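Chains as they are written, first to last, in the working numbering: chain A, 1 to 197; chain B, 198 to 583.
It should be emphasised that the hints constitute simulated quantities derived from the structure, not laboratory data.
These figures come from a predicted structure and were not determined experimentally.
Where a beta carbon is used, it is the ideal one built from N, C-alpha and C, also for glycine.
Incorrect hints may appear among the rest.
Unchecked claim - For lysine-lysine, the following BS3-like pairs were computed, each having C-alpha atoms within a straight-line distance of at most 30 Å:
hint, chain 1, residue 1, chain 2, residue 2
1, B, K442, B, K468
2, B, K442, B, K429
3, A, K6, B, K503
4, B, K429, B, K410
5, B, K434, A, K6
6, A, K20, B, K468
7, B, K426, A, K36
8, A, K36, B, K486
9, B, K291, B, K218
10, A, K142, A, K99
11, A, K20, B, K218
12, B, K291, A, K20
13, A, K142, A, K185
14, B, K410, A, K20
15, B, K434, A, K20
16, B, K486, A, K20
17, B, K218, A, K6
18, A, K20, B, K442
19, B, K410, A, K6
Claimed, not checked - Ranges between beta-carbon positions, derived for each pair:
hint, chain 1, residue 1, chain 2, residue 2, range
20, B, N427, A, A59, 47 to 55 Å
21, A, R65, B, Y460, 32 to 40 Å
22, B, V461, A, N32, 23 to 31 Å
These are the residues of each chain, in order.
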Amino acid sequence: MREEIKIRLLLNIFEEVTRKYEELLRIYEELNELLKYKAFHDPLTGLYNREALENLLKAEVARARLSNSVLSVIFLDVDNFKTINDTHGHQFGDEILKKVGEIIKNSVREGDVVARYGGDEFVILLHTRTNLEPQIIVNRIKEKIEREFCSYNLSVSYGIAIAGKDGSSSEELIRVADERMYKQKAEKKKLKSRVVS
Amino acid sequence: MKAVVYSSDNPVLRLALEEIKRKLEESRVITDFDFVIIALNYKYPYEDLDKNIRKIFNINSQDYFAFHATESFANTYTTEGISAVFIKFESKGKVKVFTAEGLTDYKGNNLLFKLVDYLEENKNNLNIFISSWRDAGLGFFIEDLGKELEKREFYPNLVGGVSSGEVFNGEFRTFQFHNNKVIRDGFGVITFENVEFTIGISLGFKPLSPVYKATKVEGCQIYEVDDGKNFKEIVSKFLKGLEPKVEYLWYCPIILLDDREGYVSVQRTFKSINEDSVEFFAPIPPDCKFMLSFGTPEILLESTQKEIERMKENITTADLVFNFSCIARQYVLEERREEENLLYAYHFDAPLFGFSTYGEIGPDKFKKKVKLYNETSLGIAIKERE
Numbered sequence: 001m002r003e004e005i006k007i008r009l010l011l012n013i014f015e016e017v018t019r020k021y022e023e024l025l026r027i028y029e030e031l032n033e034l035l036k037y038k039a040f041h042d043p044l045t046g047l048y049n050r051e052a053l054e055n056l057l058k059a060e061v062a063r064a065r066l067s068n069s070v071l072s073v074i075f076l077d078v079d080n081f082k083t084i085n086d087t088h089g090h091q092f093g094d095e096i097l098k099k100v101g102e103i104i105k106n107s108v109r110e111g112d113v114v115a116r117y118g119g120d121e122f123v124i125l126l127h128t129r130t131n132l133e134p135q136i137i138v139n140r141i142k143e144k145i146e147r148e149f150c151s152y153n154l155s156v157s158y159g160i161a162i163a164g165k166d167g168s169s170s171e172e173l174i175r176v177a178d179e180r181m182y183k184q185k186a187e188k189k190k191l192k193s194r195v196v197s
Numbered sequence: 198m199k200a201v202v203y204s205s206d207n208p209v210l211r212l213a214l215e216e217i218k219r220k221l222e223e224s225r226v227i228t229d230f231d232f233v234i235i236a237l238n239y240k241y242p243y244e245d246l247d248k249n250i251r252k253i254f255n256i257n258s259q260d261y262f263a264f265h266a267t268e269s270f271a272n273t274y275t276t277e278g279i280s281a282v283f284i285k286f287e288s289k290g291k292v293k294v295f296t297a298e299g300l301t302d303y304k305g306n307n308l309l310f311k312l313v314d315y316l317e318e319n320k321n322n323l324n325i326f327i328s329s330w331r332d333a334g335l336g337f338f339i340e341d342l343g344k345e346l347e348k349r350e351f352y353p354n355l356v357g358g359v360s361s362g363e364v365f366n367g368e369f370r371t372f373q374f375h376n377n378k379v380i381r382d383g384f385g386v387i388t389f390e391n392v393e394f395t396i397g398i399s400l401g402f403k404p405l406s407p408v409y410k411a412t413k414v415e416g417c418q419i420y421e422v423d424d425g426k427n428f429k430e431i432v433s434k435f436l437k438g439l440e441p442k443v444e445y446l447w448y449c450p451i452i453l454l455d456d457r458e459g460y461v462s463v464q465r466t467f468k469s470i471n472e473d474s475v476e477f478f479a480p481i482p483p484d485c486k487f488m489l490s491f492g493t494p495e496i497l498l499e500s501t502q503k504e505i506e507r508m509k510e511n512i513t514t515a516d517l518v519f520n521f522s523c524i525a526r527q528y529v530l531e532e533r534r535e536e537e538n539l540l541y542a543y544h545f546d547a548p549l550f551g552f553s554t555y556g557e558i559g560p561d562k563f564k565k566k567v568k569l570y571n572e573t574s575l576g577i578a579i580k581e582r583e
């Protein structure tokens, strides 16, 4: 009699223990997902972070080769962002970065990659059919951002690198796009100083 | 020191005591004695207890300490009558008793400090604490005692058990008796001087679940675990397909983990499943962590065997062994309950005295704190110093 009671009791307890373990497993999986997300996403904008971008870019370069599509790397930077931070405060600066991220994300296709590379720098990986399309898309993004923040006189600079044409490795592509972005920025500064003088 | 333990199942107090006296005389192990400890069932009338003890054993009122126990152990025999241990010192051994009343109102009187002062004076002696049962109040008293001892930075070799009894003739009988006094709401400390001793606490129940956190607690009751889960609903499912008898849950006490160090601290026995809570026989600290466990007679006896081996590292043979074993543990041990007493008596080659308790009092793992245990067997082997 007691043996039957003990077996029944033990089975009932195991049911609860199983439920509890399943609950813990669920919590563990959720935490794991969260950790993974945190490891590869920028906490402010929710976009991919630099580490994720570097991994994704390698894969995208390979994908472009296989699919015969044009992969472009666009480096985009908010001009004079430091001045905005200094004038309006960091909280406001963060809001701008969030909005810029949102505009970029909404301007590309779902499969394209958008990352916050660091500070006020963003990188976009686009798969297109022609070399011209990236230029059209980035101009659209630029216009949208500058229109959104026209009251703050905010502008963006960018540089584009095309896989195959400008380099074959991910490091090379990032470097070329970054250099072109800086070149554009420098030209803008030169132009501005000419206008002022 | 020589000790002998006898018992009687006779339901008449005087006849039971006379039977024990007769056994003592017939055995001739000792012809006289210095002190006697008596465990008696709550059904015996106690009004003439002092007179009967004095008269039958021909001793003074200071030379005995008696208390209620639903069951007591005389060597390997368990009785619902009376058990008595007679002690005769052969060298410098001595016994003295400290008693006090007022457990229920201990926060309003200075009972705790009186006890701590007494224990400090006797910190090198063995102090056996036998108390009345006061629901959650006793648990809080022991917790506060532990805190006070920590403050004063000494551990007083304090072990013991809570008297067991039931409501009888309109009163809840878990009393102590000494020096013609009936202690209804207090305790007695039997202090052994000039003895060597070793203490063992056998828990034994095997943890079998992940850790739960008691998030809504009040006294001895758990309302919610893990932030919002109704613990009553969880525990009620344990009895699915069984009669709703709380005793069945004695096979699976919860195991509390030490709040700071995480080791198995104490077990807590289920007392009742209430409307929206589960009640235990001793307090549950708020936010404590615990696990579900399970025990069988085999597992518990194996644990006691291991504990005895550990105790024997200090003392190999003893003059007397005590076993204060929880009433719920006795239930789980089933028909093998007497084997636990046999293990102690056999390994120490000594007479055994003990009783089924409503809680056991003893040191923590590191002998730094005093704790109220549930479902343990607390063994004490003592030997008079030469």
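Hint check against the structure, violated hint numbers in rising order
As far as the earlier hints go, 11, 12, 17, 21 are violated by this structure, in ascending order.
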